[in-house]
Amino acid sequence: MARQHVAPAPARCAPRWSHGVDDRHVRGCRRRLAPRRVHRGGGNDAVSETPASGISRRALLLGGGIGIGGAALGAAGGWALAQSAAPVPDAAPTAGTATVPSRGRTQAGIARPATPQRNGLVVVADTPEITTADGVLAMLASLGDRIDALTDPAATERVVLPDGPGDLTITVGIGPRLVAAIDTSLPGAATLPRFASDASLSDDMRGGDLLISAYASDAGALHASIADVLAAAGGAVRRWTQPCVRGAGEGTIVRNPLGYHDGIIVPHTGDELDENVWIADGPAAGGTIAVIRRLRLDTAGFGALPGERQDAVVGRVRATGDPLSGGGPTAEADLTAKSPDGSYLVPSRSHVRAAHPSFTGSRLMLRRGYAYSNAAGPGQEPDDGLLFMCFQRELDDFVRTQRRLDETDDLMTFATPTASASFLIVPGRTDGALGASLGR
Numbered sequence: 112m113a114r115q116h117v118a119p120a121p122a123r124c125a126p127r128w129s130h131g132v133d134d135r136h137v138r139g140c141r142r143r144l145a146p147r148r149v150h151r152g153g154g155n156d157a158v159s160e161t162p163a164s165g166i167s168r169r170a171l172l173l174g175g176g177i178g179i180g181g182a183a184l185g186a187a188g189g190w191a192l193a194q195s196a197a198p199v200p201d202a203a204p205t206a207g208t209a210t211v212p213s214r215g216r217t218q219a220g221i222a223r224p225a226t227p228q229r230n231g232l233v234v235v236a237d238t239p240e241i242t243t244a245d246g247v248l249a250m251l252a253s254l255g256d257r258i259d260a261l262t263d264p265a266a267t268e269r270v271v272l273p274d275g276p277g278d279l280t281i282t283v284g285i286g287p288r289l290v291a292a293i294d295t296s297l298p299g300a301a302t303l304p305r306f307a308s309d310a311s312l313s314d315d316m317r318g319g320d321l322l323i324s325a326y327a328s329d330a331g332a333l334h335a336s337i338a339d340v341l342a343a344a345g346g347a348v349r350r351w352t353q354p355c356v357r358g359a360g361e362g363t364i365v366r367n368p369l370g371y372h373d374g375i376i377v378p379h380t381g382d383e384l385d386e387n388v389w390i391a392d393g394p395a396a397g398g399t400i401a402v403i404r405r406l407r408l409d410t411a412g413f414g415a416l417p418g419e420r421q422d423a424v425v426g427r428v429r430a431t432g433d434p435l436s437g438g439g440p441t442a443e444a445d446l447t448a449k450s451p452d453g454s455y456l457v458p459s460r461s462h463v464r465a466a467h468p469s470f471t472g473s474r475l476m477l478r479r480g481y482a483y484s485n486a487a488g489p490g491q492e493p494d495d496g497l498l499f500m501c502f503q504r505e506l507d508d509f510v511r512t513q514r515r516l517d518e519t520d521d522l523m524t525f526a527t528p529t530a531s532a533s534f535l536i537v538p539g540r541t542d543g544a545l546g547a548s549l550g551r
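Heads up, the working numbering is the position in the sequence shown plus 111, with the first residue counted as 1.
Just to be clear, a hint being listed does not mean it is correct.
What the hints assert, rightly or not - Across the chosen pairs, the derived CB separations fall in these ranges:
| no. | residue 1 | residue 2 | range |
| --- | --- | --- | --- |
| 1 | R216 | E240 | 27 to 37 angstroms |
| 2 | G438 | V271 | 42 to 52 angstroms |
| 3 | G439 | T541 | 18 to 28 angstroms |
| 4 | D315 | P273 | 30 to 40 angstroms |
| 5 | A335 | G439 | 23 to 33 angstroms |
| 6 | S484 | P440 | 23 to 33 angstroms |
| 7 | A544 | G346 | 14 to 24 angstroms |
| 8 | G438 | H334 | 38 to 48 angstroms |
| 9 | G418 | A310 | 25 to 35 angstroms |
| 10 | G418 | V271 | 29 to 39 angstroms |
| 11 | A544 | P489 | 46 to 56 angstroms |
| 12 | G543 | G246 | 12 to 22 angstroms |
| 13 | A544 | E240 | 16 to 26 angstroms |
Everything labelled a hint here was simulated from the structure, so no lab data went into it.
Quick reminder that beta carbons are idealized off the backbone N, C-alpha and C, glycines included.
Using the sequences and the hints given, assemble the complete structure.
Written out as structure tokens, the structure reads:
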């Protein structure tokens with residue numbers, strides 16, 4: 112019989128997706144925010160939305176980061192244009208040569224290291240031979256042992272990584288089929304729906320049984336490490352593999368493939384991660400729900416727009432990162448600000464407005480965005496874009512935001528999903544086998 116894991120209903124508030132949201136608002140906001148559509152005539156307000164009545168002007172100001180492809184060009188399936196600009200806790204290692212501990216309450220490669228490594232390799236695979244709970248748990252235990260062997264700096268085995276692990280992290284997630292094989296009531300058993308923007312996405316590029324993602328400053332460590340771990344997965348068959356890279360920048364802030372700033376604000380403190388990202392209790396406590404979206408970007412089409420139009424689509428100034436409502440790159444986007452002719456300074460179909468959390472009541476997602484570039488054959492269109500991953504306590508946080516973006520975000524016309532899936536990132540472990548808590 113499936114066990115029922117009932118967690119307290121979490122409080123919802125306007126997440127710190129956008130530039131300039133302060134911790135006092137995040138901790139204090141406890142109202143669920145609901146959207147209300149308002150149709151206006153003329154200007155860029157022809158199709159507009161405003162938050163539900165009762166939402167304070169302060170709440171309107173908070174939010175508005177740029178992400179793409181799923182909840183913000185970096186929110187629910189697209190470029191994660193929001194990462195932490197705030198000081199990083201001392202306990203969180205930074206990318207480089209320092210070893211990142213693989214063991215802990217949560218897996219490495221999500222919130223640690225605090226600054227994501229420059230290089231990544233993501234594999235989505237199927238495990239057709241694994242059909243039972245015992246089979247899933249045995250596979251996870253084997254994967255955990257291999258990850259320990261690769262990432263432990265004191266390990267004597269150095270066949271795969273003769274120079275040591277450096278800052279290598281390897282993260283494991285299981286798809287809805289494997290989650291349901293353990294217990295249909297576990298978080299992650301629900302499948303990611305097909306979105307309006309997924310019209311051209313083939314079925315074989317949707318979903319998957321197993322996610323293995325590896326990140327390191329040394330790109331040379333990734334392929335051999337992934338192959339070694341995947342070999343422990345018991346007949347796993349790759350669906351797709353994607354190398355990816357983050358550009359150089361100051362701290363976590365980089366420019367995305369469209370040339371706009373990425374990496375401004377995400378949950379960064381332990382309290383914020385606990386409230387928004389990590390599953391709080393039950394067998395999956397310490398885990399999280401991951402959504403991964405590979406987005407081919409029409410950089411040529413976007414680049415052909417006049418600069419002023421590009422800024423209007425995004426809602427920010429490309430050169431500086433400033434919101435169109437004024438202020439510096441970390442200033443609050445004022446969604447109520449209007450020009451003398453009555454049009455919104457942050458346009459009604461801009462990404463900043465479309466992704467604003469007051470319209471969906473979603474929690475803050477922890478987002479990671481990496482650029483990718485796949486070789487194109489003769490006569491083929493370039494395949495360049497963004498590999499986006501976000502982590503949240505509930506899948507619905509992503510789903511609501513992505514549906515809104517598909518409906519009202521002009522930036523989505525420049526993004527084509529080519530892969531889409533959701534996974535339960537299993538809890539970390541301090542002792543015992545990886546994933547063992549899921550079977551309790």
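Status of each hint after checking the structure:
1. The given range of 27 to 37 angstroms is respected by R216 and E240, whose C-beta atoms sit roughly 31 angstroms from each other.
2. Taken as a hint, the range 42 to 52 angstroms holds for the pair G438 and V271, whose Cβ atoms sit roughly 49 angstroms apart.
3. Our hint of 18 to 28 angstroms for G439 and T541 is violated, since their Cβ atoms are close to 42 angstroms apart.
4. Between D315 and P273 the C-beta distance comes to about 36 angstroms, which sits within the given range of 30 to 40 angstroms.
5. A C-beta distance of roughly 43 angstroms is found between A335 and G439, which places it outside the suggested range of 23 to 33 angstroms.
6. For S484 paired with P440, a C-beta distance near 26 angstroms keeps the hint of 23 to 33 angstroms intact.
7. Distance hint check for A544 and G346: the Cβ-Cβ separation is about 19 angstroms, which falls inside the suggested range of 14 to 24 angstroms.
8. In this structure, G438 and H334 meet the distance hint of 38 to 48 angstroms, their C-beta atoms being roughly 44 angstroms apart.
9. For G418 paired with A310, a C-beta distance near 30 angstroms keeps the hint of 25 to 35 angstroms intact.
10. Checked against the given bound of 29 to 39 angstroms, the beta carbons of G418 and V271, roughly 48 angstroms apart, lie outside it.
11. At about 49 angstroms, the beta-carbon gap between A544 and P489 stays in the expected band of 46 to 56 angstroms.
12. For the pair G543 and G246, the supplied restraint of 12 to 22 angstroms holds, since their beta-carbon distance comes to about 18 angstroms.
13. For A544 and E240, the hinted distance range of 16 to 26 angstroms is satisfied, since their beta carbons lie about 19 angstroms from each other.
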